[in-house]
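4 protein chains.
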Amino acid sequence: MSQNTFGRLFRVTTWGESHGAMIGCVVDGCPPLIPITEAEIQHFLDKRKPGTSRFTTQRREPDEVKIMSGVFPNDAGVQVTTGAPISLIIENKDQRSKDYGAIADSFRPGHADFTYQSKYGIRDYRGGGRSSARETAMRVAAGAVARKVVPQISIRGALVQVGPHRIDRTRWDWDEVGNNPFFCPDAEAAQQWADYLDGVRKAGSSTGAVIEIEASGVPAGLGEPLFSRLDQDIASAMMSIPAVKGVEIGAGFAAAALSGEDNADEIRIEDGKPSFLSNNAGGVLGGISTGQTVVARFAVKPTSSILTPRRTIDKHGRETEIVTKGRHDPCVGIRAVPVGEAMMALVLADHSLRRRGQIG
Amino acid sequence: MSQNTFGRLFRVTTWGESHGAMIGCVVDGCPPLIPITEAEIQHFLDKRKPGTSRFTTQRREPDEVKIMSGVFPNDAGVQVTTGAPISLIIENKDQRSKDYGAIADSFRPGHADFTYQSKYGIRDYRGGGRSSARETAMRVAAGAVARKVVPQISIRGALVQVGPHRIDRTRWDWDEVGNNPFFCPDAEAAQQWADYLDGVRKAGSSTGAVIEIEASGVPAGLGEPLFSRLDQDIASAMMSIPAVKGVEIGAGFAAAALSGEDNADEIRIEDGKPSFLSNNAGGVLGGISTGQTVVARFAVKPTSSILTPRRTIDKHGRETEIVTKGRHDPCVGIRAVPVGEAMMALVLADHSLRRRGQIG
Amino acid sequence: MSQNTFGRLFRVTTWGESHGAMIGCVVDGCPPLIPITEAEIQHFLDKRKPGTSRFTTQRREPDEVKIMSGVFPNDAGVQVTTGAPISLIIENKDQRSKDYGAIADSFRPGHADFTYQSKYGIRDYRGGGRSSARETAMRVAAGAVARKVVPQISIRGALVQVGPHRIDRTRWDWDEVGNNPFFCPDAEAAQQWADYLDGVRKAGSSTGAVIEIEASGVPAGLGEPLFSRLDQDIASAMMSIPAVKGVEIGAGFAAAALSGEDNADEIRIEDGKPSFLSNNAGGVLGGISTGQTVVARFAVKPTSSILTPRRTIDKHGRETEIVTKGRHDPCVGIRAVPVGEAMMALVLADHSLRRRGQIG
Amino acid sequence: MSQNTFGRLFRVTTWGESHGAMIGCVVDGCPPLIPITEAEIQHFLDKRKPGTSRFTTQRREPDEVKIMSGVFPNDAGVQVTTGAPISLIIENKDQRSKDYGAIADSFRPGHADFTYQSKYGIRDYRGGGRSSARETAMRVAAGAVARKVVPQISIRGALVQVGPHRIDRTRWDWDEVGNNPFFCPDAEAAQQWADYLDGVRKAGSSTGAVIEIEASGVPAGLGEPLFSRLDQDIASAMMSIPAVKGVEIGAGFAAAALSGEDNADEIRIEDGKPSFLSNNAGGVLGGISTGQTVVARFAVKPTSSILTPRRTIDKHGRETEIVTKGRHDPCVGIRAVPVGEAMMALVLADHSLRRRGQIG
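Protein chains in written order, with this note's numbering: chain A, 18 to 377; chain B, 18 to 377; chain C, 18 to 377; chain D, 18 to 377.
Treat the hints with caution; some may be incorrect.
All copies of an identical chain are treated as equivalent in the list; a pair is satisfied when it fits inside any one copy or across any two copies.
[What the hints assert, rightly or not] Simulated crosslink set (PhoX-like; lysine-lysine; CA at most 25 Å straight-line): (1) K110 / K342; (2) K290 / K83; (3) K83 / K110; (4) K342 / K219; (5) K332 / K290; (6) K219 / K66; (7) K64 / K110; (8) K64 / K332; (9) K110 / K332.
Worth flagging that the hints you see were computed from the coordinates, not collected in a lab.
Build out the structure end to end from the sequences listed, making use of the hints.
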C-alpha cells in the first residue's frame, strides 16, 4: 500500500497520465493457472467507460485493454496466468489538443492542482494529469483479474444517493441496476435522478453521490484482527478512489445511535451452519469476515469541474478566477460504481491470498 | 500496515492480551535526538485510563508505561531517542480471576469471538484476549511518541454524538472538552449525555458515539496521491480502532448532497499565503494535505457487552443464550477520543517522515 | 524487511540494547495452534549463550527467555500459538557497571561506533548498545519459533573455517558438531582450532570464520523468481548478522571457475521422484527451491575488540588511540552458527507461508 | 522487496517475458524535478545490449527504451520527473519463431525450468520466458533513473575473473574497462580472456565470472543498522541477478582469515575529515555507510545453455537428454557488469531517500 501500489500479496501498480500515450498497470502476485482473457477484463471496463450516456463525460475513449505479459496457453490451449506479473495497457485516444492556458497556471478549487504543485513543484496539468479519474480505468481492469482469483465471491454495486436524493430501500431490485444509466436499484429513483441531473448538467453544475458495494460468498476468516482488518482495508480502498470523502461498513454511522441490543447481530444455527439474524456488522467482526455479505458504502463529492467562475490563485501566488470548461461528468459518483466494485475485488483477492498464508 | 504493525516509516507493532502479564508495543523508525520521558507518554494514557468516571469500565488499571529501549541521555543529560526501536510496556494489574465458563465456549454477539474462532481455531477468551480494547492503550502510548516527531502539529479530539444525541456545533468550545467526562465541546450536550448515559448504564445497555479529530499545523504536501493518500491512511487508521464502523473527512457523507459550487473550497491569498474560504475538503485534496486543518470523524458502535440475554451459538455449534457480565463501558466511544487522537498522530508522523523521502 | 523487522509474512521485530534492562522481540504472522514452550526456545538459546567455553566471551548471561503473549492452552491443555503476536523477552543480568570513558567518546575501529554517531548523532555506547551482537539472542529465540512452523524442514550448521584453517570436508561428520566447542564437523580440525584460538586469545587478538548452514526437507517451489528469491533472501538474512562480510549458495564463488557442463546439476528419476546428480545449485534454481538440500555459507570477520592499541578518532574529531578491554569473543564466528541456523529458519518459515499464498 | 518489485522508497517493478511483445518496468518513488531523457537511459542499456561482440549472444535486440509516463516539461521546457510513476518499455524485436519442442517439455539443467514448473504448474518456455536474463534490461533502465537521484555518487563495475582466470589487481586501470569487450580493468587479462572464451565458445561450453562494483561519493550514514543494512541490501540486490551464487563486501570471504588487527580499518583525520587507513569494511560498518568507497563483488555461474547433451527429465517425469541450441552468452558474467552497476544504483537511491526520512 504505497504511492502507486495497492495490496500486499495481490498487488496492483498503476501508472500513466490522462493525456499521455497510454495508461497501464502491473498486477503482481496473481496465482497461476487462472484462465483470463482481454474480453473478460473489457467487460468491466465497458461499465466504467465514458460517454455511455448524457450523464457522463463525452470524452470518447474506447478503453481497449491489452494484456502484455503474465499469460500463456496451458496444455489445452487456454490462456491462463503463469504467476508472472500481468501488465495491462490502455492507449489514450481522445486527448484533444487544446489550450491549457488557464488550467496550466491556476489551481482549480476542489481539484488536486494546488496540492500537487505544493508537493512536487510541478504537475502535468493536461486533463488533470496523474490526478485524473482516468487512472481508475486501470483499477477496474485489475479488479477484473482479482475477481477471477476469488470466483466464489460475487461483488456488485449500486448508486443509492444522487445529490440529496436517496433511493427507497424497500424498492431495491438488483435487476434494475442494468436498466438505467445510474446503476440504480430503484427504478423510480432512477427516473427522478434523470430529471435532477439534467438540470445539474444544463446549469454547468455538478453533484455528489453515495455508492453501496456488497460482496457475497465471502468465507468467514478473511482479514487480520488488529491492523489490515478487512473493514480497515475496505475503508482504505474506497477512500483511495478520487473524490471519496466518507466510507462506512454495515450500519455505519447509524450504528452510533443504536443500543447494544439493537446493534449486535444475534447468531443461530441454520442448515447446520452459523446464521446471523441481522447484518449491522456488514459482514465483519473484530476486523475478520463473519461469512455474511460484506457491505460498504462510500460518499463521492460533486465534480469540482463546473462552469461557474470560482475564486482561486495561480502558481505565482496571484488571486484570479477560473471556469473549468471541458467534457466533465456532472456526477462522477455514477462511474464510481464499477470502481468501487473493483476496489472491493482487490481487497478480497488480497485477503484471500493472505488467508492462505495464515493457516496453521 | 500488516497484522499487528501500523505505519510505513514510523511503525508501531503492538502485542499482548487483556489478561496476560503485560501488554506492549515497539515503536520503530522514530528519528533520533527527540527528548521523551515516561511522564509525557503517561499524560496521554491517563486520558484513556479506565475508571476515571462512572461512565467507563470500573476495571482498575494504573496503566503505567515503562520505556525499555531506544532512549539514552544526550550530552546535556536529557533522555532522547537514539533511532533504535522504542519498546514500551504496561503491566496488567487488575485481571480478576474469575470463571470464564460461558464466554470460553459461547460467542458474544457483536464481539470478535466467532471470527477469531473461525480464523484461528483457538482464542484467548479471558477478557477478550487480543481483541480487547485494552490493546488501544499501546496505540495511545505510541501516539504520544508520534506527537513528539511532529511538534508543530497540534492534534485534539472531541465527542460530537452519543447515541442519537449530537452536540450543537454553534456551542463548540474546545475549552469545555476537559471539563466533563465525555471530551464534549458543548457543555449543554455534556449535561444531557450524563443523564442519558446513566439510564443506559442502569439498564445494562450500551450506546454508540461519533468522535471528531482535528489536526492543525499540518503543512501542505503530506500524503501520497494515489494510494497511501493522507485521507486514505486516516480512514484506515480510524477504521482499525475496535468497534469503528464509519469514517469521513471534512464534509464527509454530507458532501454527497452538495453542489460543485458549494463544495469546492475557494482560494485567496491572505498575509501572502494561500488561504481557503471554507474547509469542506477537511484539509486534503487529491490525497495530499492543503495546509488547512485536517478534520476526520468516526462512528463507534455500541459496546457489545450488555446485560440483556442474547441469542448465540457456542463453539460446538449449539444454540444458546449469553449475558455479558463484567466491568464494561456503557459507551466505548468516550475512551475512543484519545485513541483517535493517537491514530491521527501516528498517520501524521509517518507521512511527515515519508514526505522527507519524497523531496527532489 | 526494514530497520528492526525481518520477514514478510512471518516477521520478527527485535528491540533492546546490550546494557538495558532487557532485550526482546515480537514474532508476528505465526500460524495458530502450534505447540511451543519456553523450554523449546531455551534449547537454542543455550547453544548461543556466552561463557560456555573459554573460546567465547566470559559475560555471564543465563539468557532465560519468557513468552509474554500469543500463546494459550488448547482444549487438551497444551500451550499453543493463537495467531496473535508472540512477545519474547530476556532480562539482561550481567551488565557490569564500569567506566565507559574511552568508548563513550572514541570510535572503536571495525565497530559501528563511527557510523551510528554519523547517522544518529547519538549512540548508547554501553557494550555497543543496539549494535551489540547481544541482539542476535532474539534472532535465535525467534528462529526457534520459526522451526516449529516448518517441522518437516531440518536445519543445522557447522563452522568450516577458523582464521586460515579450514576443515577437511572428507572428514565431515555431523555427529562431531556437538562434541567440541566450535560446532566443528571435523574432529581433527577442532583440535587444531583449539590450539590456534588459545594463541589468539592470549595475544588479545581475534580471528574470523566461515559458517555453513544446510536445510534439508525443503520442498520444491519455495521462493519468488525475480525479487525475494529464496537465495536472495538467504543472502540478505545472513548478511544481516553483525560482522558478516560474504555469503554464498551451493558452489558459490567456486562456480565462477566451473564450466557449464560441470556446474549444471543433471536430473534423473529415483524412486519415482526427481533426483539431482549433484548440488552445485545449493538447492535453488531461478530463485526457487529445487527440493534438494539448501546450502549456504557465510564469512564472519574477526572480532574488532582487541587488546592491541589502534589508531582512531573521537567524536570531537580528534585523533586518538583505543584499546578495547572487556569480555570479548576471540572468534565471534563460533556463536554465529546458531544465529545462522536461526536466520535460515526465519527465511524458510516466511517463504513457506508465502508459498501458501501463491498457489492457484 | 517482493516478487517483481525491488526497493522500499525508490521502487522498481519489472514485467514481461523474453518472447512477448514487450518488456517493461515501473519506477515508483522517484523524486520530482529530476531532468531525465530516453537517451540517458539508453546509454546504459547499450552497455548491456546483446550482440556487441562475439563473446555475447547474437540475438539482435536494439533495446530501445521509451518513457511512457512520469515526466513533463518544466517551465524552462526541460523534461523532468513529476513524482508520478515512470513507466519504461522496450519492444522485443528478435524473438525468432522456432520450434520449442524439446525445451517446452524438458527441463534444462541449471535453468529455472524445473522450479518454475514445480511452483506454478506452467511456464512460458519461449527463450526462458520470465526467467530469461532479458528481464535485466529493465533493471539497467531503472538503474539509469536511480543514478540521477544520487548524482553525487559515482558507480562503476568491472569483470575481475573469467572462469579460473583472475585479473592482476596491481594492473587495475579503470580506463581499460571501455577498451575491451569484457569490462576488464587489466589489459593483459582481457587478452588472455579473449583466447580462453574463444575456446569455450567454440566448444559450445560456457564459463562463470566474478564482477566487482564500486560506488564512490556515498555519504556516511546510509543504511539501517539491524535489517535493511546497506551491505545486506547490496547482497540482496546482487543475489537477485540471475545466475549469481555468491556476494561479498570489502574484504569479503578473505576477512575470515584475517586477525582483528589486520582487518579493522584505522581512522585518522585528513583535511579535517575522518579518513580510513584501509577499506576492509568495503565502506560499511554495522550496516551503515562510512563515507568510504562501497565495494561489492559477486560470482556468476556459467551459462547453463550449452551444446553438450545433458541428462534431465521432462515434465511428465520421464528421463531424457537435452542440448540447448540457440544464441547464448558463453559467459553471462560479462553482461552482468552493467546489471550489477544498476542494482547498486537502485540500492543507493533507495537508501538515500530512506536516509531523508530518518533524520530527526
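Mind listing which of the numbered hints don't hold for this structure, in increasing order? 2, 8, 9
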